[in-house]
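Student: Sequence:
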Amino acid sequence: MNEKKQENKGLLSSSPVLELSKRSFKRAVSKISVDKIWSKEALEALQLATEVFLTKSFADSLMCAEHANRITVTVKDIQLARRISGIIM
Numbered sequence: 001m002n003e004k005k006q007e008n009k010g011l012l013s014s015s016p017v018l019e020l021s022k023r024s025f026k027r028a029v030s031k032i033s034v035d036k037i038w039s040k041e042a043l044e045a046l047q048l049a050t051e052v053f054l055t056k057s058f059a060d061s062l063m064c065a066e067h068a069n070r071i072t073v074t075v076k077d078i079q080l081a082r083r084i085s086g087i088i089m
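In UniProt numbering, the protein residues as written are 1 to 89.
Warning: the hint list may mix true and false statements.
To be verified - Here are the computed lysine to aspartate or glutamate pairs in the EDC-like style, where the Cα-Cα straight-line distance is at most 16 Å:
#, residue 1, residue 2
1, Lys26, Glu44
2, Lys26, Glu41
3, Lys26, Glu51
Derived from the structure by calculation, the hints contain no laboratory data. Computed from a predicted model, the values in this text were never measured in an experiment.
Please model the complete structure; the sequences and the hints are all you need to start from.
Tutor: Given below as structure tokens:
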């Protein structure tokens, strides 16, 4: 294994604990991308990126709810957080 691969492997193994189970995430990715084959490392990287994105999105949505003096996140909070972040879906 060359030096760069070892470095990347070290980054993934020292990553934070993932909230979604690897099996469930792999199943969801397989359903979405039927004609693709994913390596273990690619799935781990995709899962980490997905969880970081979702965590930040939910945190931003919660801040919008708190700004409106609420503790419950609504659809409007999620939409506002997406607009502020520049996320277009």
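Student: Next, verify each hint and record whether it holds.
Tutor: For each hint, the structure was consulted:
{"no.": "1", "hint": "Lys26 / Glu44", "verdict": "9 Å, holds"}
{"no.": "2", "hint": "Lys26 / Glu41", "verdict": "12 Å, holds"}
{"no.": "3", "hint": "Lys26 / Glu51", "verdict": "13 Å, holds"}
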